[in-house]
Amino acid sequence: DAKTTQPPSMDCAEGRAANLPCNHSTISGNEYVYWYRQIHSQGPQYIIHGLKNNETNEMASLIITEDRKSSTLILPHATLRDTAVYYCIVKALSGGYNKLIFGAGTRLAVHP
Amino acid sequence: GAVVSQHPSRVICKSGTSVKIECRSLDFQATTMFWYRQFPKQSLMLMATSNEGSKATYEQGVEKDKFLINHASLTLSTLTVTSAHPEDSSFYICSASVREGRWEQYFGPGTRLTVT
Numbered sequence: 001d002a003k004t005t006q007p008p009s010m011d012c013a014e015g016r017a018a019n020l021p022c023n024h025s026t027i028s029g030n031e032y033v034y035w036y037r038q039i040h041s042q043g044p045q046y047i048i049h050g051l052k053n054n055e056t057n058e059m060a061s062l063i064i065t066e067d068r069k070s071s072t073l074i075l076p077h078a079t080l081r082d083t084a085v086y087y088c089i090v091k092a093l094s095g096g097y098n099k100l101i102f103g104a105g106t107r108l109a110v111h112p
Numbered sequence: 001g002a003v004v005s006q007h008p009s010r011v012i013c014k015s016g017t018s019v020k021i022e023c024r025s026l027d028f029q030a031t032t033m034f035w036y037r038q039f040p041k042q043s044l045m046l047m048a049t050s051n052e053g054s055k056a057t058y059e060q061g062v063e064k065d066k067f068l069i070n071h072a073s074l075t076l077s078t079l080t081v082t083s084a085h086p087e088d089s090s091f092y093i094c095s096a097s098v099r100e101g102r103w104e105q106y107f108g109p110g111t112r113l114t115v116t
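Just so you know, the sequences run in chain order A and B. For the first sequence, the working numbering begins at 1 and goes up steadily by one. For the second sequence, the working numbering begins at 1 and goes up steadily by one.
Hints in this document: simulated from the structure, not taken from any laboratory. In this text, a Cβ means the ideal position worked out from N, Cα and C, and glycines have one as well. Among the hints, erroneous ones may be present.
Said to hold, decoys possible - Here are the simulated DSBU-like pairs of lysine-lysine, each with C-alpha atoms no more than 35 Å apart in a straight line:
(1) LYS66/B <-> LYS69/A
(2) LYS14/B <-> LYS3/A
(3) LYS66/B <-> LYS52/A
(4) LYS66/B <-> LYS91/A
(5) LYS91/A <-> LYS20/B
(6) LYS14/B <-> LYS91/A
(7) LYS20/B <-> LYS99/A
Unchecked claim - Reference listing, derived: stretches of chain A covered by chain B, where coverage requires no fewer than 3 residues with Cβ under 8 Å from a Cβ of chain B:
(8) 37 to 46
(9) 52 to 65
Isolated chain B (complex conformation) (with noise of 0.2 Å):
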């Protein structure tokens, strides 16, 4: 099956500092990748979908100046977290679709960040 990869697996930072993490679809192009948000104990929330060479489409309530989205490549996005608080402490889950329409979704295992 297909393979979505993320980096790092864990990253520890200060508060105040900005920390991007990667999300790569290792074996097929996504020409669609989204980027989740869960907190302990919760559930998966969406925070925005994005295109390759486009503009991220943020879900209501996230600040789309707090997590910056670039898609660069069919294969690879970023989400950087900017000016990072304790709140900001969770586990981010990226999924890639292989093409618009099609349900086929691959996800990533995961990138737990600890703000202290």
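Same shape as in the complex, but just chain A (with noise of 0.2 Å):
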């Protein structure tokens, strides 16, 4: 599976939206890119998936670059409960086990 790269962290208002960035530059063509988040004590959650067209639901948006090769979750209005720790996953839709390796992620902080 494809390596990814976010930042450490990210500050965002309570209201507007967040950008969280990804770099999948090595990604293959049958991989879809992941996005779960940690709050804190408590199991991932799953946000969204893609594997080239932008795709929306009542959690984020998630837009993937024409090459592929980097993303950004979008949380259109922010609030504090969507301070959490966010994870960009690469991974191929395929046979067998699809077990999901996490990287460091992206400490998101939502302040009033």
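Need the complex rebuilt from these two chains, each delivered in its own frame; the hints are there to steer you.
Shown next, in the form of structure tokens:
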């Protein structure tokens, strides 16, 4: 699975959009981009995933560049409850065990 | 969405004793379950992958005789930390997958183990 690079930490004001970048320059054609987040002392929570098209759900939007070498997770109106560590994971959706390997992630702090 | 539970949520045990952590998929059958360990201020580290009815596959560097994993049914996997030592104190998290090849993986709330 391709390696990802994320900034270690980011700040965001409550009510503003939080844009979390992720670099995955070695991504392969069959690998998806997944985003999870972990609120302190809880298990990770799935946010969104995509292959090449931009994706949106009730939690966030995922923007993937045309060359697929980077992506951005957007939380449109961040709240204090969005303070968490956000993990960008690249993984192929193929047969076999779909284990997720977590990197260091980005620690997002949303402040009033 | 699918729910995964863990029991206990917190456990304190004495050094040298063994402790068992349960991971249950409450409303779906999980063919594959995963066990992670997380030390303070660090990321999750995958320990092992288990499939119902077969032996677990351990990641490199994880002692299989120390961390015993049993996946006896499609809704239950257990992790037993044998002869626990203070350095085993950590946050243990399980996740469950609906079936092989699918991306959906649901995480439990975690178990905090403290070995005194």
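Now for the hints, and whether the structure bears them out:
| no. | hint | result |
| --- | --- | --- |
| 1 | LYS66/B <-> LYS69/A | violated, 40 Å |
| 2 | LYS14/B <-> LYS3/A | violated, 39 Å |
| 3 | LYS66/B <-> LYS52/A | violated, 42 Å |
| 4 | LYS66/B <-> LYS91/A | holds, 29 Å |
| 5 | LYS91/A <-> LYS20/B | holds, 31 Å |
| 6 | LYS14/B <-> LYS91/A | violated, 39 Å |
| 7 | LYS20/B <-> LYS99/A | holds, 23 Å |
| 8 | 37 to 46 | holds (count 7) |
| 9 | 52 to 65 | violated (count 0) |
Taken one by one, the earlier hints fail for this structure at numbers 1, 2, 3, 6, 9, listed in ascending order.
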